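Combine both chains into one complex, guided by the hints.
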Amino acid sequence: MKFRKALASATILAACMFGSASAADLVVGFSQIGSESGWRAAETTLTKQQAEQRGIDLKFADAQQKQENQIKAIRSFIAQGVNAILLAPVVATGWDEVLQEAKDAEIPVILLDRTVDASKDLYLTAVTSDLVHEGSVAGKWLVDTVAGKPCNVVELQGTTGSSPAIDRKKGFEQALAGNDNLKIVRSQTGDFTRTKGKEVMESFLKAEDGGKNICALYAHNDDMAVGAIQAIKEAGLKPGKDILVVSIDAVPDIFQAMAAGEANATVELTPNMAGPAFDALDAYLKDGKEPPKWIQTESKLYTQADDPMKVYEEKKGLGY
Amino acid sequence: MTATVKTYLGRLLPQLIVLAAIVFAISMVFPGFLNLQIQNGRLYGSLIDILNRGAPVVLLAIGMTVVIATKGIDLSVGAVMAICGAVAASLITSGHSLLETLFATLAVGILCGIWNGFLVAVLDIQPIIATLVLMVAGRGIAQLITEGAILTFNDAGLIFVGSGSFGWLPMPVVIWLVFGVLVALLVRQTALGMLIEAIGVNRQASTLSGVLTPVLLVAAYVLSGLCAAIAGIIAAADIKGADANNAGLWLELDAILAVVVGGTSLLGGRFSIAASVLGAIIIQAINTGILLSGFPPEFNLIIKAAIIVFILVLQSPRFRSAFTFLQIPRAAGKPTEREAK
Numbered sequence: 001m002k003f004r005k006a007l008a009s010a011t012i013l014a015a016c017m018f019g020s021a022s023a024a025d026l027v028v029g030f031s032q033i034g035s036e037s038g039w040r041a042a043e044t045t046l047t048k049q050q051a052e053q054r055g056i057d058l059k060f061a062d063a064q065q066k067q068e069n070q071i072k073a074i075r076s077f078i079a080q081g082v083n084a085i086l087l088a089p090v091v092a093t094g095w096d097e098v099l100q101e102a103k104d105a106e107i108p109v110i111l112l113d114r115t116v117d118a119s120k121d122l123y124l125t126a127v128t129s130d131l132v133h134e135g136s137v138a139g140k141w142l143v144d145t146v147a148g149k150p151c152n153v154v155e156l157q158g159t160t161g162s163s164p165a166i167d168r169k170k171g172f173e174q175a176l177a178g179n180d181n182l183k184i185v186r187s188q189t190g191d192f193t194r195t196k197g198k199e200v201m202e203s204f205l206k207a208e209d210g211g212k213n214i215c216a217l218y219a220h221n222d223d224m225a226v227g228a229i230q231a232i233k234e235a236g237l238k239p240g241k242d243i244l245v246v247s248i249d250a251v252p253d254i255f256q257a258m259a260a261g262e263a264n265a266t267v268e269l270t271p272n273m274a275g276p277a278f279d280a281l282d283a284y285l286k287d288g289k290e291p292p293k294w295i296q297t298e299s300k301l302y303t304q305a306d307d308p309m310k311v312y313e314e315k316k317g318l319g320y
Numbered sequence: 001m002t003a004t005v006k007t008y009l010g011r012l013l014p015q016l017i018v019l020a021a022i023v024f025a026i027s028m029v030f031p032g033f034l035n036l037q038i039q040n041g042r043l044y045g046s047l048i049d050i051l052n053r054g055a056p057v058v059l060l061a062i063g064m065t066v067v068i069a070t071k072g073i074d075l076s077v078g079a080v081m082a083i084c085g086a087v088a089a090s091l092i093t094s095g096h097s098l099l100e101t102l103f104a105t106l107a108v109g110i111l112c113g114i115w116n117g118f119l120v121a122v123l124d125i126q127p128i129i130a131t132l133v134l135m136v137a138g139r140g141i142a143q144l145i146t147e148g149a150i151l152t153f154n155d156a157g158l159i160f161v162g163s164g165s166f167g168w169l170p171m172p173v174v175i176w177l178v179f180g181v182l183v184a185l186l187v188r189q190t191a192l193g194m195l196i197e198a199i200g201v202n203r204q205a206s207t208l209s210g211v212l213t214p215v216l217l218v219a220a221y222v223l224s225g226l227c228a229a230i231a232g233i234i235a236a237a238d239i240k241g242a243d244a245n246n247a248g249l250w251l252e253l254d255a256i257l258a259v260v261v262g263g264t265s266l267l268g269g270r271f272s273i274a275a276s277v278l279g280a281i282i283i284q285a286i287n288t289g290i291l292l293s294g295f296p297p298e299f300n301l302i303i304k305a306a307i308i309v310f311i312l313v314l315q316s317p318r319f320r321s322a323f324t325f326l327q328i329p330r331a332a333g334k335p336t337e338r339e340a341k
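Protein sequence lines correspond, in order, to chains B and Z.
1 is the number of the first residue of the first sequence in the UniProt record's numbering; add one for each residue after it.
1 is the number of the first residue of the second sequence in the UniProt record's numbering; add one for each residue after it.
If we strip away everything but chain Z, and leave its shape as in the complex, we get (with noise of 0.2 Å):
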């Protein structure tokens, strides 16, 4: 047990460095940083608002996860927000009730990720370019829903995913943090993460090795669908209104870089939904910071880029074998299957 706790903090020891420095840092520029208070029965602070407006990355970044994890990438999600926001909108201004509005919500989004499954698993595509193809289309396809304009709603229920609370936290948090927990339960604790690794690692093999290879993809990219259509919502209901134009825009972007960040591989394989979530925090966590700076705006995408150069550089295989001391040593002779959760 304690083995399998050392290997899982080992996986994760570098994004929380990387998480606490950044922390200490901005907290080291603006003293009130690190301040909690409870207001209007939630949790009030800078560090709930990295939490809070992290919320649609680290969905996406969930689902990219797992689709790096069979060597694929979905470019199409910041589209596909576009579409469910516009959606959830649409519906709702319409006269659906909250359930009907949820559930055809997040069937878009599955129905999003199945196009992108069956170009990739089925007529065999190349995964940036199938993704591609709905991240192009995808914005037209909201921008046609909302008839380009931002379609504004007033439904309670609805508005709550954005910013109602739950146990004094912010809903999104509460969704991000439930739904993150059940995708990691889901895929560790029964075979599929090791046969999505499997698929990463070589496609052909895990065919011949009778792993059913296409449902598998189509399944990864549906899961994908699905985080993009929660984020979709929970940024519509953020503000009140469906942005068909700026809603997700360039998030994909975010997501893959967050998966990065946690240390999954671009080219599939071993992959951890933990690191991936504490990637996107970390992401947001320097947006966030950049925004308390009080910089001028000129500079926040330069200290941006700087700051990923640097997680990236410290992730490096060159980097870490110079600075070995940095990693914990795996508990020896202990078999390493579960070091990659």
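Chain B extracted, bound-state conformation (with noise of 0.2 Å):
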């Protein structure tokens, strides 16, 4: 009892002591969706970083891929009187009362990652990607790299109706259109697993003469290419030189398979959504800019050359 009395009061005395200290900084609450994804862990863990190299007092929220969650978590930090809000909305649909009800409250709300169906007078700005962006470059990377040697290549798909794979396979075919030398000879789907990207990978060794009739691998996200990889070499070949490697994400993983030869490339979805974010909250707070409706983040390309031992220690702290 005693003790818990003097945890309790530590407790109000650390309140105090950092509501203090950061009443002239920036409060902002963050709703993120849960944790269902190594992707989406690095990015809180990054949120976190980035706000506290700002001095800013960021409040979280983690709604357990819940709706009703994100909502009472944007409700509380409107009655905090928070600064900004900034949302990783779980679902499209369904927000429109609750920005409002932001908006009323004169607290700007910027989304990450995702966006929402809603007016878009409702919110600052999103902050996300360009999924169909994403596959172009890595499309474009291919091309390039090949450079007019006929090449047969496999894919390996997201699941299935998602919007990753949809644009994620969009992008890479805009990329190719046109260089005839290119041929997608096969496309399933690894539904973004390891797991699912070995066996699908298996097939299309056996389907493709061994494999021996395969020039390059596209697979939407690292988790399947690294499965792949592992199914590359249990057929006897060697992945990275006898069929090139190529991918989409930047998890740390990817990089250990760079370094040792048996991947190519990777285009990284960024975790750090927050700092375009915070940016452009304090371009808005200090000088009343309006940011644009849709900032998109960099897609940017690694390869071999990029010291991929280097990013892999960057990255393995972040959470993935």
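No lab work stands behind these hints, which were simulated from the structure alone.
Source: prediction; values computed, not measured.
There could be a bad hint or two in this list.
Straight-line distance between alpha carbons at most 16 Å, and here's what the computed EDC-like set of lysine to aspartate or glutamate pairs gives [as the list claims (entries may be wrong)]:
no., chain 1, residue 1, chain 2, residue 2
1, Z, Lys71, Z, Asp155
2, B, Lys183, B, Glu173
3, B, Lys140, B, Asp104
4, B, Lys169, Z, Glu147
5, B, Lys316, Z, Glu197
6, B, Lys293, B, Asp25
Taking beta-carbon pairs under 7 Å as the criterion, some of the chain Z residues facing chain B (in silico) [stated by the list, open to error]:
no., residue
7, Thr2
8, Gln39
9, Asp49
10, Arg53
11, Gly148
12, Ala149
13, Glu197
14, Ile302
15, Ile303
Backbone N, C-alpha and C define an ideal beta-carbon position, used for all residues, glycine too.
Below, the structure is given as structure tokens:
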């Protein structure tokens, strides 16, 4: 009992101290979807880091994949009178009412990573990557690398019907259009997982003459590529040499594969959505400058030439 | 002896016919399907892929058969796979020896089984609800262990379990073959199988006639947990990492399907482990066939569903009584207690 009392008073004391220290600074509420993937965990870590660097007091709420939790979190942010709200919406619809409440309270809302189906004047801006562009960056790398030589490509798609799968496929095909030397010979879903990536790649290898017919693999995410690389090795071929491997996301493990020469390139889906969001917020709060309604994050291409081991070390601690 | 073999074959005949038909159909669509060659000291080919990729579901189906025979069901096996994969990966990366890791992981699987068995046998909660608890919580536990990330490892011994080979066969195939034979011998060379069937047919009557129902029920769920643990180790070793979000995802449903395709009734009673294993192989053959066929992925699930409906219709009692010539006539006058083997 005594211990509990002491703990409680210590907490209150700490709360007062931090409260007074950051009173002059910005207070930003962040409603995160949850932690369903390593990428999202990294996004959370980076958002906290970015806030700390800028002296922003970040109030973090994990919604555990539930919209009602996010709406509750936003309402509590409004009640606390935060300066701004970051929202990574779990679904696209059903936000009008709570966004209107935030607008009435004159609290700007910035969407991270995903957008919503709501009137554009209900939020300040949306910071997202362009999935189609990611696919086309990967495609362009392949077009440049094979440089006119004939090349049969196999594609590991994401979960059938998901927007990353549709858009990354579209972008890749756009980049390949007009290059008749490149042909997608097989395309199957690997559900964004390593296990399925490996299993589907095994069947691709069998179906295309033991893999001799395949010159490159395009995977919609790195995890499937990591699984496929193992399948290629078990089939007695050299991934990265016999079969070029290009994928998207830039998770730490693909950099290990690149350092070992087993993967060739990856396109980054940056987990640092908060950096551009805070920049836009700063400009808006200081000078009243309205940012554009969509801020596109950079889709950076990493290859074996970019010191993959160093990038791996940098990314390792982010919680991927 | 020949009569036993005959009844045994008679029990497995529908599954064997279906499997042969599927293999034939795939080799029509994809001519290289039956090719086998030796590569890197092991057999290499699509047929081996089916046996290898089917390993997790085969193992789950072995445990699931026994649970279903007691008129139960175990929805938690997929989640237990994720937990055990996570445990194995975290132990091996924190420097424990391979043996310690394997034993600890199997112990965790057994513990999960004891928990399920306790809820079902002692607290008398309906199996579908009791195991639903762990199905939901298990993935969370696995995520806690891996801290939400894919935990990768490089221990050659553990990786061997997933992608090594023994006597020209991939290790997962060796494991499920040996384990399946052991379990089948255990339940059929002793009275255990009959007692399990008795519980499934009428739990109360079995208890009244002196069968230690609670113990056997817990044992059934423990077996299922153990199977899930082995499957979890194989799945993690296969990709050299524990993926708490996706390991074993929806595999409980594939395992139940395998048992049903194998002809064991969900209402409990007579069961056949060999038939369930065949059921799991049939499901995997369909999966591999779809991948080889080169159809767009949008068709995968529809093709799979259509084939499975077809198999289930073949098995339905109405359909079978209309086409009795498909069945081998049973040896007349012989006792039929072993036909369910």
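- Message: The hint names Z/Gly148 as touching chain B; please verify it with the least Cβ-Cβ distance against 7 Å.
- Response: 5 Å, holds
- Item | Interface restraint verdict for Z/Glu197 against chain B (beta-carbon cut-off 7 Å) | 35 Å, violated
- Was the hint right that Z/Ile303 lines chain B, CB cutoff 7 Å? 13 Å, violated
- Message: Next item in the hint list is Z/Arg53. Is there a CB on chain B closer than 7 Å to its CB?
- Response: 5 Å, holds
- Query: Is the interface hint for Z/Asp49 satisfied, with its Cβ closer than 7 Å to some Cβ of chain B?
  - Reply: 6 Å, holds
- With a cut-off of 7 Å, does the beta carbon of Z/Thr2 approach a beta carbon of chain B closely enough for the hint to hold? 39 Å, violated
- Message: Does Z/Ile302 hold up as a contact with chain B if the rule is Cβ-Cβ below 7 Å?
- Response: 11 Å, violated
- Task: Assess, step by step, whether the Cα of B/Lys169 is no farther than 16 Å from the Cα of Z/Glu147, and give holds or violated.
- Result: 31 Å, violated
- Pair hint outcome, B/Lys316 versus Z/Glu197 [Cα-Cα no greater than 16 Å]: 52 Å, violated
- Holds or violated: is there a CB of chain B closer than 7 Å to the CB of Z/Gln39? 6 Å, holds
- Task: Measure nothing beyond the straight line between the CA atoms of B/Lys183 and B/Glu173; if it is 16 Å or shorter, mark the hint as holding.
- Result: 10 Å, holds
- Query: Does the structure keep B/Lys140 and B/Asp104 at a Cα separation of 16 Å or less?
  - Reply: 45 Å, violated
Checked against the numbered hints above, the structure breaks hints 1, 3, 4, 5, 6, 7, 13, 14, 15 and satisfies the rest.
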